[in-house]
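K.L.:
The primary structure of each chain is shown beneath.
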Amino acid sequence: MSLKDEQTKWVLFLACSDEPETRHILDLAFGLHSLELAGIDPKDIFVYIDGQDRSLIWQWLSTGTKNNYTIKQSKDFFADQTNNTHHNLVMFVTGHGGISGIDAQTPISPYMLLKCIKESPSLTKAVLYLGQCQAGIFNYIGAGKNFAPPGGSAPDVIIVGATNLHDSLSSSTQEQLANNPVNWLANLFLLHVFKWISKPIDVDGDGRCTVIDSYKYAGVMANSLNREIKIGSFVRSFDLHEKWKIATNDHAAQGTLQTQIALKAATSQYETELGVRYTHQESWILNAVPAQLLEY
Amino acid sequence: MKLNNVLSSELPEIGDSIKECINSGQWILFKSASIDHKRPYSTYYLKVDSNIFELDSRGRIIKSVPSGNINLHIDELYYFSDLPQPRSMSNASIESSRVFA
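Chains as they are written, first to last, in numbering that gives the first Met the number 0: chain A, 0 to 295; chain B, 0 to 100.
Worth double-checking, as some hints may not be accurate.
Said to hold, decoys possible - Here are the simulated BS3-like cross-link-like pairs (lysine-lysine), alpha carbons at most 30 Å apart as the crow flies:
{"#": "1", "chain 1": "A", "residue 1": "Lys244", "chain 2": "B", "residue 2": "Lys46"}
{"#": "2", "chain 1": "A", "residue 1": "Lys65", "chain 2": "B", "residue 2": "Lys30"}
{"#": "3", "chain 1": "B", "residue 1": "Lys1", "chain 2": "A", "residue 2": "Lys42"}
Hint data in this document are derived by calculation from the structure and do not stem from the laboratory.
Just chain A, same shape as in the assembly (with noise of 0.2 Å):
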């Protein structure tokens, strides 16, 4: 048996303490088409995303499907929680997180995410995705079945992290979503994961295509990546230093609103590459062992 042949909710999350990044919902999105490409059936697909602008949210989403799917905020995760009828959850979780946390109206810690997973009813496997920065906070915790209440039982539940106690990393790709390619900033562990699950490859060789086989194969890809990206950064370094500079004189000669959107643009280039030289992303998987034998 696996997770595509058992009762499993697939759960796409990005909650927020204000209105979502488009990359995030484009996060998702691939995600969506990921699952989809997979043969996971919509209706045990779940999306939960925060934001006011629940049209523009769902805009961004649908380029990743042909289906219908209702959109739900993050805390309408917990409440479902807790009416829970699946065995298994597979959850991914992409946007801000910091020492709090994931970024939300409030942080959600830990303990907050771990406790609702464990309380669920009728749950006994749980496969946690965190793509967010500083996903390092979910590690070292009571993960495993053994933690249960006394005389009760839990689900073993597995996290992975895209990153430990770092920023997590993001690139430009595109990509082909449901209807015409998309180019986006992407959460490079994330994307890897999602293209794992529409190709699995069984990456220790023991003839099973597992959880621990998408935590390496989605590892591996994010930090070869990481390597070349940073090569070619310190190369573009130079030009968009110079361009940067021009674009900061051209604005403190002009002042008009077409130099100021100049700037920040030329700044905005100079800063991703600054910043992607200086990511450390290194993934993590806790309760590894049901990981080696729990296949998708």
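Since the structure of chain A is already known, use the hints to place chain B on it.
P.N.:
Frame of chain A; chain B shown alone:
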């Protein structure tokens, strides 16, 4: 949301850095019927984070659009077809990883 391609020569007043931000997916170049109902698809707009700017026919940024009351609908999304676009990271190959592009 319909994807369109545009040549950089059609909007010559958009600066190079802005074009890079658009093609990288950081900023959004689009047309919309939801902002100015009198000119539904004649005007380009640029979305920079949560701000929206109106462009003239040559791509010059002419004013900021108050976005508070708009139920924004992005009808047409644009990339510059004659400028570099990002490659597909999900299809990247480790074996063919290059140091220089």
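K.L.:
Against each hint, give a clear statement of whether it holds in the structure.
P.N.:
So, going through the hints one by one against the coordinates:
Restraint check: the Cα-Cα separation between Lys244(A) and Lys46(B) comes to about 24 Å, which is no more than 30 Å; the hinted pair holds. This hinted pair checks out: Lys65(A) and Lys30(B) have alpha carbons roughly 22 Å apart, not beyond 30 Å. For a cut-off of 30 Å, the pair hint linking Lys1(B) to Lys42(A) stands: about 26 Å separates their Cα positions.
Checked against the numbered hints given earlier, this structure breaks none of them.
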